[in-house]
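2 protein chains.
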Amino acid sequence: MKKFTMTIDLGGTKILSALVDDENNIIMREKVATNIENGAEGIVKDIIGTIENLIKNADVGMQDIKGICLGVPGIINPFEGIIYNAPNLQLKNYNIKSEIQKVIDLPLFLENDVNLGALGIKRVEFNNKVNNMLVIFIGTGIGAALILKGSLYRGSSFFAGEIGHIVLNIQKERSKKNNSTFENFASRTAVVSRIIEAIQDGEPSVLKEYVVKGRKIKSRAIAEAVEAGDKLVKEHLYDSSRVIGNMLGNLQTLLNFDTIVLGGGVIEAAGDFMMPIIKKSFKKSYFDVTGEQTKIVSTKIGDDAPLFGGWEVINEGLSLNIK
Amino acid sequence: MKKFTMTIDLGGTKILSALVDDENNIIMREKVATNIENGAEGIVKDIIGTIENLIKNADVGMQDIKGICLGVPGIINPFEGIIYNAPNLQLKNYNIKSEIQKVIDLPLFLENDVNLGALGIKRVEFNNKVNNMLVIFIGTGIGAALILKGSLYRGSSFFAGEIGHIVLNIQKERSKKNNSTFENFASRTAVVSRIIEAIQDGEPSVLKEYVVKGRKIKSRAIAEAVEAGDKLVKEHLYDSSRVIGNMLGNLQTLLNFDTIVLGGGVIEAAGDFMMPIIKKSFKKSYFDVTGEQTKIVSTKIGDDAPLFGGWEVINEGLSLNIK
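Keeping their order, the protein sequence lines are chains A and B. If you count the first sequence from 1, position 256 lands on 251 in this note's numbering, and the numbers rise without skipping. If you count the second sequence from 1, position 145 lands on 140 in this note's numbering, and the numbers rise without skipping.
The hints are all genuine.
Repeated chains share a single entry, so a pair holds when one copy, or any two copies, can fit it.
Each computed DSSO-like pair below joins lysine-lysine, with the alpha-carbon atoms no more than 30 Å apart:
{"hint": "1", "residue 1": "Lys87", "residue 2": "Lys278"}
{"hint": "2", "residue 1": "Lys318", "residue 2": "Lys40"}
{"hint": "3", "residue 1": "Lys290", "residue 2": "Lys172"}
{"hint": "4", "residue 1": "Lys87", "residue 2": "Lys290"}
{"hint": "5", "residue 1": "Lys275", "residue 2": "Lys87"}
{"hint": "6", "residue 1": "Lys213", "residue 2": "Lys167"}
{"hint": "7", "residue 1": "Lys295", "residue 2": "Lys26"}
{"hint": "8", "residue 1": "Lys172", "residue 2": "Lys229"}
{"hint": "9", "residue 1": "Lys290", "residue 2": "Lys171"}
{"hint": "10", "residue 1": "Lys274", "residue 2": "Lys87"}
{"hint": "11", "residue 1": "Lys87", "residue 2": "Lys279"}
{"hint": "12", "residue 1": "Lys279", "residue 2": "Lys124"}
{"hint": "13", "residue 1": "Lys279", "residue 2": "Lys167"}
{"hint": "14", "residue 1": "Lys124", "residue 2": "Lys(-3)"}
{"hint": "15", "residue 1": "Lys211", "residue 2": "Lys172"}
{"hint": "16", "residue 1": "Lys278", "residue 2": "Lys171"}
{"hint": "17", "residue 1": "Lys290", "residue 2": "Lys167"}
{"hint": "18", "residue 1": "Lys226", "residue 2": "Lys167"}
{"hint": "19", "residue 1": "Lys124", "residue 2": "Lys318"}
{"hint": "20", "residue 1": "Lys278", "residue 2": "Lys229"}
{"hint": "21", "residue 1": "Lys124", "residue 2": "Lys144"}
{"hint": "22", "residue 1": "Lys9", "residue 2": "Lys51"}
Quick caveat, the hints were computed from the structure, so don't treat them as lab data.
Based on the sequences and whatever the hints tell you, model everything.
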């Protein structure tokens, strides 16, 4: 009997991969840098290398693997294996599945990386006991995935979950001027750019040195600033948390989730500070009692989430008799 | 073999009911006024009267009826048969199913009236060939229902679709001051109240007489004003249509529907004027290509939609072995 699923999370900077058994144990894992310089061919070659390494290092055979799931940062067709658009990988309308399967004779599925993360969280952190769940990742950008009626909701053309691009105030049409989207307000990129602006305007902050030296402010720096009690950083995280809570309240009003999970670099770094504010705004913002029974939590499994999510995609695909 | 489903759409002012066969033919229909003066008992009595009338007038037997579906304007549990809250009927936490089944020995299901309308539209107007559909009714209030993955999405506590209560600008929390919700801006009630205000401020309109005489401005009057080319009414409908289009664009960004259907009194009255504006704003407002393939149309079946929707609920319930 085949025992393992293999998931390869293809990021813009690194490829994380793992062999996982049916009890959510990671048997073997690997992490290598992504090379996009050599184009699609190079990426396929690296993926095949990863597959072969995992099998060799875990000392298992190809015949022990149920299937492979590829996590892709972009829009994909999970079953046909086409990457429609993955800007970070510079891939467009590329059937990566058929390329890999020229060399690797195993069932292979694609999934959007955010969806894959949500499936992993559902499996590992909730033992699949959630029906309607929103998973939202706050990082350099904002991504989300929807579990509805117990399984992934992909939308009619695999676009569902583009929460970061929701317009904050719909009294005006989206335009170049009115580009005040959720991501443009609450992502790390947006918060950091407001912090930098304030520092340049003369406001005090422990992050001043970063600005003076032109160093990038990443999640770790934000975490340290919060820990140091930095007023400026806390103010801006407070604003962002409020809007996140309000957004979740609006979505709750529409979709009546049982569970909302937050993750991503910003939440990992500053969740202790942000989560209570997010919860408070959420509570004020959902309509009537629509969110009264909703669990709202942060995820604890970080980058490993997609590695577990692959199990779900592979078994769904196999049950549909797709290879 | 049982041939018919019976649906009773319990409105705040009227009870519409019909016997429908498997080919969507209405065999017999009835319309009576709702009496809420006699409380729950009176409503149950009227429902039982309706059931008996339909069967008698259609000259069929109880044994020919697969089941009954009750459309309720409020929050219900479709299978347990409990009305949690239906303000227009003044019913709360009432197990109407068990009361009716004391007298009528047939499988009985409840469904929210908006959900029922959406199921009817899906069945009759799309021959069930929609996967992910938003149905939105613009009338005195605004209601919506979601068909996701081919079937009704009810949410975790049967609250899904409260689109009217979404806050328009989420940069602020919902509060008594910030109660600028979708319904408070784009419902007939809201549009009419802005029109009245403008007329009272001296702006010319064919509806001036209504305001002077204190007559209610209903959808028909709005339709006539649009037809007469009334500038004021058209301006306010334009504003409302824009915001409706923007809202649909935002929801499309999240849920990537294949189909969006608009209905309700305002659309029935002024759809010819409003739909092109709604479509234009929608097109500007969804993210990237997420709405490129989405059909956006108005429904043609009006009040009959719920009567057809009952077929779906009854057959779903029976297939789940619920009675």
